[in-house]
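Undergrad: Read off the chains here:
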Amino acid sequence: MEGQTIKSANNTVLGRNSPRLSPHRKTSMFSAKMRSVFEPWLYLSPAIILLVLVMFLPLVIGFTYSFQHYSLFRPNDITWAGFANFEQLWSDWKFWKALKNTVWWTFGSVSIQFILGLGLALLLNRTFPARRLIQALVFLPWAVPTFLSGLTWAWLFNPVIGPLPKILYAVGLTDSAYESILADPAIAMWGPITANVWFGIPFFAITLLAALQSIPKDLYEAAAMDGASAWQGFTKITLPFLAPMIAITVMLRTIWIANFPDFIYTMTKGGPANSTEIVATYIFTTAFRRLDFGYASAVAMVLLLLLLAYAFILLNMRRIQAKG
Amino acid sequence: MTTLSITHSKRIVASLARTLALACYVVFALFPIYWLGKIALTPSKELFKNGTAWWPDSTTFEHFTTVVLHTDFLVFFQNSMIVSVSTAFFVTLFASAAGYAFSRFQFRGKNIAIFVMLLTQMFPLLMLIAPIYRIVSGLGLHNSLTSLIIVYTAFNIPFATFLMQSFFDGIPRDLEDAAMIDGCTRFQALRRIVFPLTLPGMAATLGFVFTAAWSELLFALMLIDSNEKMTFPSGLLNFVSKFGVDWGQMMAAGILALIPSCLFFIFIQRYLVQGLTSGAVKG
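These protein sequences, in sequence, are chains V and B. For the first sequence, counting from 1, position 64 maps to 64 in our numbering; every step adds exactly one. For the second sequence, counting from 1, position 90 maps to 414 in our numbering; every step adds exactly one.
Derived from the structure by calculation, the hints contain no laboratory data. Be aware that a few hints might be false.
[Said to hold, decoys possible] Here are some chain B residues the structure puts well away from chain V; computed CB gaps all over 12 Å:
#, residue
1, 394
2, 404
3, 430
4, 539
[As the list claims (entries may be wrong)] Now the stretches of chain V that chain B is said to cover, found in silico as 3 or more residues with beta-carbon under 8 Å:
#, segment
5, 45-57
6, 96-105
7, 180-194
8, 255-265
Just so you know, even glycine gets a beta-carbon here, dropped at the ideal spot from N, CA and C.
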C-alpha cells in the first residue's frame, strides 16, 4: 500500500517535470547521477542506522537465544540447545492456549475498534457546533498512558470500588452485581478487550476521518443527482475510497495488538486459570518471572513468524484485489 | 408538501440520532478519566467504604499535595519530560528526513527500505528487551536516560516516517521544482518552501511520539534501576510497593501525569487528521 502510494505520486510528477536539474548550474552528468543515488540514502541514514542497531541487531541476538538453554537462574550454564526450546513449545499446552487466546483477543479488539472507529469518523466528518472540542475529547483516550488506563479499567470492573458490575447486572449481562467479570474464566477476556477498544477507537477514527476528508465531495452530489440513496453512496463511494486506508490500518493494528501485553498484564496478569494469557504476556512472564530467556525467545520467534505470515497473506490479498 | 415534511422530519430524526451517538462516544471516552479523577479526590478512608458511589461524600486535595510535596513524583516528572521531549525531537528530525527521501526520490532499494520499516512493526518488542538490556549494559549506558532516549527514538521512527512521508506527499512538488529552476539547490528549496508547509505535520509527529514515549513502561522498568533516573510510569509502580498501595495517591499522580500528554494531544490531533488527509490515501 505504501509502495503503491509512492509510485502513483511520483509517476504523475515525473511525467510533467522531467528536466529536474537546474539549467543554470554546471553539474556534470556523472556527479548528478552520484548525487541522485546517494542523496536519498543520506536522508535515510540516521533512521536506518538506529533501526539496525536498536531493533535488528537485538533481533538477531534474540534469535540465537532461542536455540540456547539460556536462563538467568543458571548464568554460568548457557549452552546450545538445538531445537529443544521449539520441541518443548510444541508440547506446551500453555503456549497453545495462549495462541488461541491471542487470536480471540486480537480479532475481538480489532474488529470492535474498527467498527466503532469507523462510526465515529463518519459522525465527525460533517460540520456541527463545537465539533473541534468534541473531536478533541473523543480522541483523548489515545493520550492516556496504557498501564494507567489498564489500572483504571481494572478498578471500574471491581465490584467493591467500581461501578461496572452493578451496571452490567442491571442491564442483564451478568448474573451477579458482586462479581467481577475479570474473575470469571469464561468471560474474563472481555475486560481487557473493553479497555483496548476504549484506547484504540481514536486511532481508527483519526486515520479513517483523514481518509474520509480526502474523498471529493462532488462525487456524492453527482450520485445524489442520479438518485442514489445514502446507503448506496456509502457502499459505492465511501467504502472503495477508504479501502487502502482500512487495509493498512487494520494490518498495523492487528500486529500491534497481537504484540501488546499492557492491558492484560495490568488487568488480569493472564488469569484466571490462563483464560486471558496471550502469547505476548506469556513471553513476558517466561522471560521476567521465570528468567528463561531461551524459551521466551523461542516463543517470540514463533509469534513473529505467524505475524509475518499474516501480513504476507493480507498484502497479497490486497494486490490481487487491486488487480482484479 | 407532505413528502417535504416527511423528509424534513426524517432529517430531524437522523440528526438527533447522530447527536445521541456522539454523546455516547463522549461519555465512553471520558468516563474512565472521570473515575480516575474521582478516586484521586476521595479521602482514603472513604475509598473502600463507599467505592461505587458516583461522587464521594467528601473530597480532598490531600493526595495531590502529598504526591507533589512528599514523594519523588517531581523527579519522575522531570525525567519523563527530558526523555519524551528529546525522543520526540530526534524522531521528528530523523523521520522527516526519511519521509522526505521516500516521498521525493525514486531510487534503487527504496522498496526494500520501506519493507524493512514495515517489518520492524511486527517485532514482538518483548523479545528485544533481553538483548537490548545486554547491549546497553555492555556500553555502560545502563540506568541512564540516554539509553531510554535512544531506544524510544528507534522504536518510534518507522511509524513517524510513514506519517511524515504522507505529509510530504501532500505538498505539491511543483513548488520545489519551480524554486529549483529559479536556482535554489534542493536543500534550499526544502528549507525555504517545503519546511514551512510541513510544520503542522511535524507538530503532529512531535505530539504523537511525545505521548508514546511519555507512557512507555516495559523498557523503562528494565533499563532504569535507581529512583532518581526513573520516568513516571515505572516510578508510579515503584511508588506502590514503597508506600503500600495508596490508590488515592497513585491516581492523583496519574492525573497529574496525564496533563502534559493530554494537552499535547488535544493541540496536535487536528494536524494529525489534516496531514493524513493530504497524503496517505492517494494510493
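Undergrad: None of the hints should be skipped; say for each whether it holds.
TA: Okay, the hints, checked on the actual structure:
1. Here residue 394 of chain B stays apart from chain V, with its beta-carbon at least about 21 Å from theirs, past the 12 Å limit.
2. Against chain V, the non-interface label of residue 404 of chain B is violated: not every CB pair exceeds 12 Å, the least being about 10 Å.
3. Here residue 430 of chain B does not stay apart from chain V, with its beta-carbon only about 5 Å from theirs, under the 12 Å limit.
4. Residue placement check: residue 539 of chain B does not keep its beta carbon more than 12 Å from all beta carbons of chain V (closest about 3 Å).
5. A stretch counts as covered by a chain when three or more of its residues have a beta carbon under 8 Å from one of that chain; for the segment 45-57 of chain V and chain B the count is 10, and the coverage holds.
6. Taking a C-beta to C-beta cut-off of 8 Å, the segment 96-105 of chain V contributes 0 residues in contact with chain B, too few for the three needed, and the coverage statement is violated.
7. For the segment 180-194 of chain V, the assignment as covered by chain B is violated, since 0 residues bring a beta-carbon within under 8 Å of that chain's beta-carbons and 3 are needed.
8. With a threshold of 8 Å between beta carbons, the proposed coverage of the segment 255-265 of chain V by chain B holds, since 5 of its residues qualify and at least three are required.
Hints 2, 3, 4, 6, 7, counting from the list given before, are not met by this structure.
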